[in-house]
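S.K.: Those sequence lines, one after another, are chains A and B. Residues 0 to 536, numbered by numbering that gives the first Met the number 0, are exactly what the first sequence covers, in order. Residues 0 to 507, numbered by numbering that gives the first Met the number 0, are exactly what the second sequence covers, in order.
Rather than coming from a laboratory, the hints here were simulated on the basis of the structure. Only a predicted model underlies this, so the values are computations on that prediction, with no experimental measurement involved. Be aware that a few hints might be false.
According to the in silico footprint, chain B covers these stretches of chain A (three or more CB under 8 Å from chain B) [to be verified]:
| hint | stretch |
| --- | --- |
| 1 | 48 to 61 |
| 2 | 130 to 140 |
| 3 | 182 to 190 |
| 4 | 256 to 266 |
| 5 | 293 to 303 |
Covered by chain A, per the in silico footprint, the following chain B stretches (three or more residues, Cβ under 8 Å) [to be verified]:
| hint | stretch |
| --- | --- |
| 6 | 36 to 42 |
| 7 | 150 to 162 |
| 8 | 410 to 416 |
Note that the Cβ used here is the ideal one computed from N, Cα and C, for glycine as well.
The chain contents come next:
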Amino acid sequence: MTTDFPILTAIIAAPAIGALVIALLPAARVEAVRAVGYAATAATLGLTGWLLWNFATAHAGYQFVESERWIGSLGVNYVVGVDGISIFMIALTSLLFPIGLLASAKLTVRVKAFTAWMLLLEAALMGVFLALDLVVFFVFFEVVLVPMYFIILGWGHEHRNYAALKFFLYTMAGSAFLLVGLLTLGFLHQSATGHLTFDLRTLTAWAPGGLSDGTAKWLFLAFFAAFAVKVPLFPLHTWLPDAHTEAPTAGSVILAGVLLKMGTYGFLRFSLALFPKASVDLAPLLLVLGTVGIIYGAIVAAMQPNLKRLVAYSSVAHLGFVVVGIFALTTQGIEGGIFTMISHGLTTGALFLLVGMLYDRRHTFDIGSFGGLWKAVPILGGLFLATAFASIGLPGFSGFVGEFLALIGTFIIDRPYAVIGAVGVILAAVYLLWAYQRVFMGVPSEENAKLPEITGREPVCVVPLLALSLFLGLYPKPVLDRVEPTVKALIAHVEQHSDYKEPGVAKHGVKFDRLTKFCDAEKTDSGAIECKKDAEK
Amino acid sequence: MIGVVAPDTFNVPSVDWLALAPVLSLAGAGILIVLLRAVLRTRPLVQPITMLVALVGTLTAGGTLAWQWVHVRDHGAVTTIASMVRVDSFAVFLGVLIATSLLLALLLSVSYIRPEGLEGPEYLAMLTLSAAAMVVMTTANNLIVVFLALEALSIPLYVLVAFDRRRLASQEAGIKYFVLGSFSSAILLYGVALVYGATGTTSLTGISGFLAHNTLFDDGTLLAGFALLVVGLAFKVSAAPFHMWTPDVYQGAPSPITSFMSSATKVAGFAAFLRVFLVAFPIYRTDWRPIIMALAALSLIVGTVAAVVQTDLKRVLAYSSIAHAGYVLIGFSAAAVDNRAAADRGLAAALFYLFTYTFMTIGAFAVVTVVGRRTHDAKHGFEQYRGLARRSPLLAGFLTFFLLAQAGVPFTGGFVAKLHVFAAAVDAREYWLAIVGVLAAVVAAFFYLRVTVVVFTGDDEPAGEPPPARHFDAASALVLTATAIMVVLIGVLPGTFLHFAHDASSLL
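Here chain A stands alone, though its shape is the one from the complex:
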């Protein structure tokens, strides 16, 4: 599908232009700055809506592709495109930013700089999810760090210096290997074909066959370093609780909602596509780390005395589901992973907003200082409870669909991981409900009894996220329909370049035979779904 209007560039440019306009406004005109901020994010949201509307559902490849020469001597082109994997990342980003700005309406210090950084961050994130050139992707991947660093540094909480620096250095250290890896890939392609390019499409076609197994494995690990830090996978996650806790509310929402997805998105977009064989070979490593993340994140979250840190650690667990789902390498698993990415953005975003509201009232994250809030703020309590349910993955909310799919996709191929991962779902209920109990139940102290109820803008931030989570939980089809063709194509690509075969049950589902037995299904020549001959027992 092609149109003349460069819609994807417009999506990247709209917030960037907004930031530029704000830079030119005087800092004293706070209202004008806010207005431009809302206008730019709303425009981006509108453009994304148009994109979603015009997105060809059954199409597996990239759509709305634009290509422009950038650094000729390195064969770097500005190439952007969207497919089933990235479209909802774009949608999520464009949704969370206006909400983030709305949630920062109470901010009074240096509003101009804050809004400008937020808009630059949005532009950079859009670039990350849209770029189809490795160098351009890397550029945006790195650029994201700068606004986020300044947002944490400028408007964060007590230990913001430490947290901001740690965030920057961890991510940059990871992407250092990504840079060398992608340059190596480009130059190996050049020595093989005589043509220097970093275009993902060209390299996806060449790399799986053109690289030796050993080289592919090293390159996979180089890419892995960058994405694993970003996700973050278990031993590399220590920047996350600090950054999430110290960031201002809007920063935490964006960090959890969008930034973490850059890692899992990277796995899907680059690791699987460029190094399918290495991905299959090293999948157990990722599955183990993902599973450890699920359990470890949940246990550590349960132990946190700090409410915001608790939510931060819950992200480690949720992203563990995503990684496990992706590296199960089944249709359901990857779809579940992508769905969890979306769902986590909605629910954890909402949780951070609610925690931020509690902080605005009580100026602490310490769970021990709360207690009995239900009496004072029942609406806030109700929203918190609903969001907690959504985050736990209660059936009916999006979290359930994503994690269920991810677990099922893992179960049909690697049962132990699914079994252990499923424990994480229960642990999620433990830490969130226990936290809820300690914060909202019981007898309120004198101070807690006087907290003001949420008003005005505050519910406007949370309710859309919650409603969307509910909608997708009840009716996930619109998302899955658009994701599935790309996922199927990706798995076919992996199968083609490795000895991995997706189980038939994952491809065609389960065929029940007279409700007494079931078997692996396969497509017959006539197109009907039948039990596989040798599988029938």
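Got chain A; can you put chain B on it based on the hints?
M.R.: Same frame as chain A, now just chain B:
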């Protein structure tokens, strides 16, 4: 070719004056300033007039360099004075960089000289004469010329570093630079002598011709010779482990001079370094390439690790300039591989890095100059920069921008420059060097960001310091704006500038 001198006749070598025009206009400006000083003595007008002369001389040099660029591109390189001097696009490219550094340093000096109570005309004369020698250095096609240019550019610098007589640190830096610099010059000269002993010529093309047609029975003399050349030149570009003077001298020297030294001196040093080794000793590259790689890795490690523990911004920038030399050296080592395309990429990357670095470093030192004004350039500890964002958001913004650019953040020139250096290293299959480079960039990001933390968080004024009356003068503002625009342009639309760097590298 060497002019043969018969005992009874002396062949006057032909001189292509246009090839020397940039040098002549710079040196002419320097001499004119000295004359004006003698004539005008201490009349009030002597300062602005000599500044004007220096600026005009610099711009004339820039104009003639631009003309030379076109000429060289259309008609090929020009060799003159018995092929002592070779004006090719490599030389012109680096000459332009030196002229640009000089121009920016002069602009920074406009409102520096008088408040600091310096002797303006002498200062300007030294600066232009040093730059003239640097331009000679870029064109040097003979080891003797390399040595002469090195001395001619260093001696004014020794004086300039010690120019602020009221500050002990400046005196100390001057002595230190003088003593160590003399040593390194002597070592270089000894290297020249040994190379001459081994090959019978000091002409770069002559040496490579000799080595191409003769196999040395015992090449110990030659190897010792270019080892000594490495030491002398590595000293000038402040590559580790010959960097010891850099932090003290950068810290002690008047800030505009530091900006000039960190950019132009490095450019001139690399001009000679690259040309001598790539033109004269390409056959021995398997012997000297590991040395360059080791210098690169050491500079990166020493520069970044040492910068982490500094608490003085000028010292941080000095150590980071050592690390930057390491990145240029990565490109240099890649320029010495057998693969022709990869070698071209390496040299272009080194030149492009120097180009970008010039603007980034002068921009950063421009902020240092402006901020240092309130302590008369004496104090540059972090406490001076604490809360700068509150006092002067614009200056803080510029400083942050230049530091992020040096850290290699995308959409700044620093990123594109680093990207090309790493690409060259990978293309030359120097994977380990590329990894050292990117990891050094991460460590470097740490200390750059630490400065931004200081700038953006502290609110308290340093005790007992009067608040600055005025932050900006027009000339400094011009320098800051121009360098910032260049760094952004290089970062967003690198094509044109890369094209120049490639042109400059393919003709060597």
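S.K.: Each hint: holds or not?
M.R.: Here's how the hints hold up against the structure:
no.: 1; hint: 48 to 61; in the structure: violated (count 0)
no.: 2; hint: 130 to 140; in the structure: holds (count 4)
no.: 3; hint: 182 to 190; in the structure: holds (count 5)
no.: 4; hint: 256 to 266; in the structure: violated (count 0)
no.: 5; hint: 293 to 303; in the structure: violated (count 0)
no.: 6; hint: 36 to 42; in the structure: violated (count 0)
no.: 7; hint: 150 to 162; in the structure: violated (count 0)
no.: 8; hint: 410 to 416; in the structure: holds (count 3)
Going down the numbered hints, you'll see the structure goes against 1, 4, 5, 6, 7, while the others check out.
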